[in-house]
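S.K.: Sequence:
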Amino acid sequence: MKRLLTVLLTTAILPFSNTLALHAQDDTFGLDFSLSAEKKIKRGLDFSVEGGVRTQDDTRKIDRWTVGAALGMKLYNSATFDVKAGAKWEYLWVNNLAETTLKYDQIYTENGFVDVEKGYNEKAAYWRNRHRSSLSLAANFSPNKRWDFTLKEIVQYTHFCEASTTVDKYRLNDDEDIYLKETSTKDYRPKDRFILRSRFTTQYNTRHCPFDPYASVEYGCGLNYTTNKWKYTAGTDIKLNKQHKFTLFYRYQTEDDDDEPNGHLIGAGYSFKF
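Here my numbering = 1-based position in the sequence shown + 8.
Hints are computed from structural coordinates only; laboratory data are not their basis. Among these hints, one or two may not hold up.
[Said to hold, decoys possible] Below, simulated DSS-like cross-link-like pairs (lysine-lysine); rule was C-alpha separation at most 27 Å, straight line:
1. Lys160 with Lys92
2. Lys189 with Lys111
3. Lys281 with Lys92
4. Lys160 with Lys50
5. Lys194 with Lys111
6. Lys239 with Lys82
7. Lys237 with Lys199
8. Lys92 with Lys199
9. Lys69 with Lys239
10. Lys189 with Lys126
11. Lys48 with Lys111
12. Lys160 with Lys47
13. Lys50 with Lys189
14. Lys247 with Lys50
15. Lys47 with Lys153
16. Lys160 with Lys69
17. Lys69 with Lys177
18. Lys131 with Lys48
19. Lys247 with Lys82
20. Lys247 with Lys160
21. Lys281 with Lys131
22. Lys189 with Lys177
23. Lys48 with Lys194
24. Lys199 with Lys69
25. Lys96 with Lys199
26. Lys189 with Lys82
27. Lys247 with Lys96
[To be verified] Derived CB-CB ranges, DEER-like:
28. Ala132 with Lys48: 43 to 51 Å
29. Ala93 with Gly59: 17 to 25 Å
30. Lys48 with Val163: 21 to 29 Å
Given the structure is predicted, the values throughout are model-derived calculations rather than measurements. Ideal placement from N, C-alpha and C gives every residue a C-beta, glycine not left out.
Can you make the complete structure from the sequences, with help from the hints?
M.R.: See the structure below:
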């Protein structure tokens, strides 16, 4: 068991060790908690609802609250291979943290143009809600009773609602003292984003043990805008019985847009089937 966990964790961590070093200065740490319930409607068709909360800024601030529902349908099923289609909708309340931006004047000297600090802008924290819909297609291969390999393709649409916040502009006066020059309002217009996510997951069904460890890697590519998103996850499902299951995981994520903060997540989830 220890050897298996070591292999899975190493597989998940090695591909992004360089990414960790490049983004370490911008990383944050958060916790992710989720609760879900699933109902089998008929053979090959299921419906689920879920909710969750996530923290950020080293767990000091709420990152988001989420609620959602999903529908899954098996398109093909055999002893070792199956294909499943899915549709999902979520509503998110997302907390954007306060930001401080240094401001500079450019002056000319005998050494050329240099930047001289003239103050800073302080943007207040604000909430910006969004709703998200996605369609997915997943192929699962189980060569034996122990191993599962899943490739899942997801087309995701996110609508960002309008929002506003205040910006305080602090500047240096002639005596080099800082003062509040003015306060303005910054408005965010609604916007829509489409992204394609590709996720590969491998999981081991441990014999005579409730722990089923897994590892996954996900890449997201913007369809109507430019972005690159990576998520690396290692964790385990803990089967209590056929209806109740806990999930524990560690995740590192990095991206070059403002959708989610870069950094580390420790997550825990509970799911119930009825």
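S.K.: Could you tell me which of the numbered hints above are not met by this structure, giving the numbers in increasing order?
M.R.: 8, 11, 13, 16, 18, 21, 23, 26
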